[in-house]
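Protein chains in written order, with this note's numbering: chain F, 21 to 366; chain Z, 1193 to 1722.
Possibly wrong hints are sitting among the right ones.
Once the Cα atoms are required to be at most 27 Å apart in a straight line, the calculated BS3-like pairs of lysine-lysine come out as [what the hints assert, rightly or not]:
| id | chain 1 | residue 1 | chain 2 | residue 2 |
| --- | --- | --- | --- | --- |
| 1 | Z | K1568 | F | K265 |
| 2 | Z | K1208 | F | K182 |
| 3 | F | K265 | F | K247 |
| 4 | F | K291 | Z | K1568 |
| 5 | Z | K1648 | F | K163 |
| 6 | Z | K1568 | Z | K1528 |
Chain F is faced by these chain Z residues, among others (derived, beta-carbon under 7 Å) [claimed, not checked]:
| id | residue |
| --- | --- |
| 7 | N1207 |
| 8 | T1209 |
| 9 | L1280 |
| 10 | P1581 |
Label-pair ranges, simulated between beta-carbon atoms [what the hints assert, rightly or not]:
| id | chain 1 | residue 1 | chain 2 | residue 2 | range |
| --- | --- | --- | --- | --- | --- |
| 11 | F | T261 | Z | L1659 | 52 to 58 Å |
| 12 | F | D206 | Z | H1288 | 24 to 30 Å |
| 13 | F | T261 | Z | Q1313 | 29 to 35 Å |
| 14 | Z | A1645 | F | D337 | 55 to 61 Å |
| 15 | F | D337 | Z | L1251 | 28 to 34 Å |
| 16 | Z | T1600 | F | K309 | 52 to 58 Å |
| 17 | F | T261 | Z | K1595 | 33 to 39 Å |
| 18 | Z | E1525 | F | T261 | 51 to 57 Å |
| 19 | Z | R1661 | F | K309 | 28 to 34 Å |
| 20 | Z | R1661 | F | V267 | 52 to 58 Å |
| 21 | Z | D1628 | F | K309 | 53 to 59 Å |
| 22 | F | P268 | Z | H1288 | 50 to 56 Å |
Since the hints were made in silico from the structure, they are not lab data. Every residue, glycine too, gets a C-beta built ideally from N, C-alpha and C.
Read off the chains here:
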Amino acid sequence: MKQPLLVFNNKGIYCQQAGVYIDAWKPVDKCIITHGHADHSRWGHKHYITHTKNVPIIKHRLGEISVTGKEWNETFIINGVKFSLHPAGHIMASSQVRVEYKGEIWVFTGDFKTEGDGLAEVYEPVKCHTFITECTFGLPAFKWTPQAEVFSDINNWWATNKEEGRTSILFGYSLGKAQRLLKHLDTSIGKIYTHGAVENMTEVVRENYNLPETTLITRDTTKDEIKGNIVVAPPSAHGSTWIRKMVPYVTASASGWMTFRGARRRRAIDKGFVLSDHADWEGLLAAIKATGCEKVIATHGYTDIFSRYLREELGYDARTEKTQYEEESSETATATSVEEKIEKKD
Amino acid sequence: MKDFAQLIKKLDSTNKTNEKVAALTSYFQQANDEDKLWTIAILSHRRPKRPVNTTLLRLWATEISGIPLWLFEESYHIVGDLAETIALILPTSKKHSDKSLSKFVAEIIELRTLPEEEKKQYLHENWLALNYFERFVFNKILTGSFRIGVSQKLMTRALSKATDIDEDVLAYKLMGNWTPETTTFQKLILEHNAEDYLSKPYPFYLAYAVEDNFQEDLGPISEWSFEHKWDGIRSQVIIRNDEVFVWSRGEELVTDKYPEFQRFLSEIPNGTVIDGEILPFVDGEIGNFNALQTRIGRKNLSKALLQKTPVILNAYDLLEWNGNDIRQKPFSERRKILDQLIQDCNCSEIGLYLSETMSFKTWEAAAEERKLSREKRSEGLMLKRKDSPYLVGRKKGDWWKWKTDPFTIDAVLTYAMRGHGRRANLYTDYTFALWDDGELVTFAKAYSGLTDAEFKQVDNWIKRNTLERFGPVRSVTPRHVFEIAFEGIAESSRHKSGIATRFPRILRWRKDKPIEEANTLDDLKALIPK
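With the sequences and hints as input, model every part of the structure.
Next up, the structure:
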């Protein structure tokens, strides 16, 4: 029987013909990395291949590593297999990986979203035969509101808090969500302050992305200075002693999980904005359709439910594969573990 | 509806009591009387009757959304709330509706009587005329309890601020079985109307559990009166105008369930309200709570059942005497009148008994009495300050409950289900099992007792150690032992294990214990009082 072009083994997603892994979760010799979040770009590979703009990001997280940067649509051939990276729109410099061998094309999305967010390179549909897709939000309950409306809500929230003499604290993980928030905050309302983890990562990406000015909160920052302004912090800062300096404050979280009332209440956060870096239900379905694929492999997220829908309702040859990307757990929980790792390193 | 939905959204998005009260107060100051009355009704669990069953709601919502029913069910398991799931999966609305809350409720009431086709059409039109949150609120009114972290106490406080009427007076006005269809805001809240009060109970005074080292904080023990905390149904029996009314603590009028108390009319004068505990009473002895439970659920009380499980009222307190509200008198004085009343009447004939008060010289002596609780079929002791008035609701200071230590047993986690509300999408509802002949036999379910962090940890473990899935339920590898506490235990033919426990909850996670060291079913059976 013919070996599939990509297989899922105990180390990651593997292309045997090329001897290359994609987003491996155990140390391997050669690994293509879709994006900089910790569950996709892990420690210990001998050589990393990723988008050039992702190079400083993973170097910041992983230290001195052996890494090659590639441009969008730049084909690189390994043992006859053609690889190329295409924007996934998830966060800055996040890629889908296109793999082609003897006319057969597979695409692995990594994480992706279809709506342009004004910062990450916009998702590009890539024609393929087999589409390996995430489905973190693969339920019809998830429907995103256009980002312009969400940011208008966020800025109104900030302005109201300011009028009431309170500081706004906005939680979003330090790589990706934090910069997306920064980018669209209305700085005519006030100043943007940052937590150390956010500030460090933002400094790293400023090299390639244009972002508004931020001020790091240090030991010397006074309470009065911060008052009424907005603070962008990683979710792990919630409930920490660091936050006491901001009293009186109001907290908000921006995540796709904020769709659920339960998730909002569980985190004891004052306000939840539904803003995700993953595709929603319609986004996932539209992306699959645009690839023109026949086979779909659903990885992390509501995989069983999503692939059943694809099979039974839409007639795709769809199945699931287990990966070690954060499965079924919430984005916020993922964020916490990611942040913890980053903070340890810092 | 817009204002009401906005209010619910505000209440739902904060966990600060002050902000909730402020939002409610400002709503009560602005809304019209009909909307105010319905808001009070809804927040005190007086919803209109469900006009459409949930099976049809699901079916119609999926039809409009164009998704298969199984996908709706899967989504529902994950979202954890039916009203919320429907609101989420419906297509985004393009229209909007300016109908008021009371108009919507009136339509929902009328909807019950309409043929199915018209119900469907009504829902279709209205779902698509509301935004996401309004839809959620609309669905909540249609389907179920409105649990949004607003207690009746909190609502009453806001209403008091908005109307300048004393909180306790309002609490009293809001008691009983009124609905917005039978009264008006003016009549219920603003006017004083004697006939409305005929069947009205007083708000119950509830005690908090004692805190650690409470003995030091309570002052001289001579100031305290002790009683057993009887294990039955806390109730008020009202005798007014030659009628008897029986109210349970859940503000339910249960007169018909206890025909025994009609006999009070022959011995107790009009204008009397007694606070007490309904207890099963067989052969001159207080029976087990489980015996009472077989009566609670029945629609029709057969003669045989009444004979098998007769009940009495064990009186704690007297709230009204000679038609006067005496709640402000000291407890000792109220009890004096009550004791006299019971002494003077043919009390055992009519099934009225006295919950005996006790005084102790030392806390050690009180503790000795508390040890006898199980034997006497009580749940522990009540501590009441002798000069305390009868307050409204749960208050600290004058009354305390000092319950017996719960039964405990070490059991193995075998099944898990996703929780609801703030635990939606987390596996927090667990089933526990005990050893029986080398096999694990399910004996109890428990949902509470772990911290949020522990729940998160267990949830994570469950997702990685699932053996089988049955809809929302998963069986898991037997690996973890938990200490389970419960209040009561009795034999039961309805349970696989043959044992029913009352109020089981998780006491702690025994990470130190391998599953082999969990208890056996025989260990559990040994706890049943002889």
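So which hints don't hold here, by number, going up?
-> Numbers 1, 4, 8, 10, 11, 13, 14, 20 and 22 - these are the hints that the structure violates, sorted from lowest upward.
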